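Protein sequence lines correspond, in order, to chains A and B. Counting from 1, one number per residue, gives the positions in the first sequence under this note's numbering. Counting from 1001, one number per residue, gives the positions in the second sequence under this note's numbering.
Treat the hints with care, since some could be wrong.
Under 8 Å between C-beta atoms, here's a sample of chain A residues computed to sit facing chain B [what the hints assert, rightly or not]:
#1 Leu25
#2 Gln50
#3 Lys125
#4 Val128
Since the hints were derived computationally from the structure, they do not count as laboratory data. All values reported here derive from a predicted model rather than from experimental measurement. Even for Gly, the Cβ is constructed at its ideal location relative to N, Cα and C.
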Amino acid sequence: MSEAPAAPLSASADRARPQDIDLLLRAPRARVGWRLLPARVAALCAVELQKLRHDRTELYTRAVQPALWLLIFGQTFTRIKAIPTGGIPYIDYLAPGIIAQSAMFIAIFYGIQIIWERDAGVLNKLLVTPTPRSALITGKAFAAGVKSVIQAVVVVVIAALLGVALTWNPLKLLGVAAIVVLGSAFFSCLSMTIAGIVLSRDRLMGFGQAITMPLFFGSNALYPVDIMPGWLQAVSKVNPLSYEVDALRGLLLGTPAHLALDFGVLIVAAALGIAAASSLLGRLAR
Amino acid sequence: MTTDSTADAVACTGLAYAFGDTKAVDGLDLTVREGEVFGLLGPNGAGKTTAIRCVTTLLPVPSGMVRVFGHDAAGDRMAVRRLLGYVPQQLSADSGLTGRENVSLFARVFDVPRRERAARVGQALGAVGLTDAADRLAGTYSGGMVRRLELAQALVSAPRLLILDEPTIGLDPIARTGVWEHITAVREATGMTVLVTTHYMDEADQYCDRVGLMHRGRIRALGTPAELRQGLGERRRAEGAPATAPLPTLEDVFREVAGSGLDEQAGDFRDVRSTRRTAQRVG
C-alpha cells in the first residue's frame, strides 16, 4: 500500500469542465451483422497507416534488406547463370521472391507485436470493445497486409531501378497487392497463433527465427522447385510462400503460373490462420 | 439493445476464479449500484484485478454469476462490452498515434458513425482537458495526460459503467488529483457508474461513494468510507480505547480487516513487474 498523500484540490492543473458533452451522453448505435467485420478491419488498417505516416523509419530500414538481396545476390547470380530461370535474367526471377520475403518478414513480427500489446494493456482494452476476437485478428491480419503492400511498392521501385522488366498493367498490379495481402494475412496469423501458444516474447522470437528461414529457403523464392531435392519439394508444396511467389512471378513477369490455385491456397491458408489465431487469442487475455 | 433499467450496474454472486491452485477470487459477492463511484480496495494479489477482468468479459466466469446492468457477463459478452468503458492498469494509449487518433480508434470500434465521429472525439478530448494537445503524439504526453487520454478513449462510447484499474498508480500527487477531478466531473455530468480499484486509501476516502475492502479473494468490509471509519472507532472504544484517541483512517480499517500477513501475499512476479513498469513509464 502506498503512503502517497493526496494533493489539495486547488493544485489541479489543466482542468476542463465538460460543459459541452452532449454527444457523450448517448451510446452509438451498434453495428450488427456482416457490416461489423469490414468496419473493424478498416479501423485497424487505418491505425497502421496513421502510425506509418508519423514514423517512416521502419519503412526505410526494412527496404535495406530486400535492396541488398536484389543488388548483391541478384546481380551476382545473374552473372553466374547457375540457376535455371526459364530464360529470364536471374534478378528478374528473384524480384517477386524478394517481395514475398520482405512481406513475410513484416507479417511474422505481428505475433511479437500482439504480445507487446498484451503486456501494454492495449490488447485487453480492444478485447473489452464490441469486437469479436475473429474480427480483431482479421483486422490485424489485414493491417499486416496493408503494411506489406507499402513495403512491396518500395521493393518494386527498387527492382525497377535495377532494370527488372516488371509489368505496369494496373489490373495485374492490383492482383499483386491482393496476393501480398493474403500472404501477409496468413503469415501474421501464423505468428499470432504461435504467440497464443508460447505466450512470451522471448520464446516467440526463437520460434520466429526458427521458422522464417526454412519458410524462405523451402520455397521457390530463390530457385525453381524442379531443382530441389525431393524432400524439399514436398516442403515447398505445403509452403504458402511458394504459392505467393508463383502468383507474383506470373503477375509481374508474365511467367507461366497457376493463378487460380495460388489464390485458392492463399485464401484457404489465410482463413485457417485467422481461425487458429482467433481461437488462441483468449489465452493471451488471461 | 435492451438493458434492464432497474438492474444494478454490477452484480457478482459467488464469483470464483482460480489460477491453478491459487484461488484469486474466492466466492465474491459484490453489488455496484447505478450512478455511484465504487472503490474496490486491496493489496496486490487480493483478487481485485481478476474480479474486474471477469466483469469486463476478459476472463470467463467459471463459477458464480456476474451481471452488468442485468446482462450476463459470461453469456452476453457483446452486450456487456457495449456498456463498458475500461482503463487498464498499464498505460495503454498507443504512443505512435496522436491523442486524437487514439480516441478516434475507440470511436470506430464502438461504431460511432463517421458524420459525428470528429465531434464526439473532440468532446471526449475536451472533457479531459486535452484539446490543445490532441494532435501531438501520445508518446510526448506526461503520465497524467496519458491517463486522461485513456479516460477520453473510454468516454467516447458513452459507457454506462466506467471501469478503472489503478488509474493513478505511479502518478505524482498533482497528476493524481487532476485525473480524479476529471473522473468526478465527467461522472457528475453524465451520471455514469464508476468502478475503480486502487491501493490508495486516501483517494478512496475522498472520491468514492462506497468502498469494498477485498482480501484473499473476498469482500471483507463494505460501506461508505465514513461508515467504515466510524464502525472501527466504535469497536475500538468498546474495547476500551480512550475517547481522545485519533479517529481511525480507512487504512486502519483495512489493516483490521486484512489482519497480518499482508506483506507475504503482495502479488506475483508478473503483477509486480507490470506495476513497476507502469510506474516507470508514468514517472
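To see whether the hints hold, each was checked on the structure:
no.	hint	result
1	Leu25	holds (6 Å)
2	Gln50	holds (5 Å)
3	Lys125	holds (5 Å)
4	Val128	holds (4 Å)
Checked against the numbered hints given earlier, the structure satisfies every one of them.
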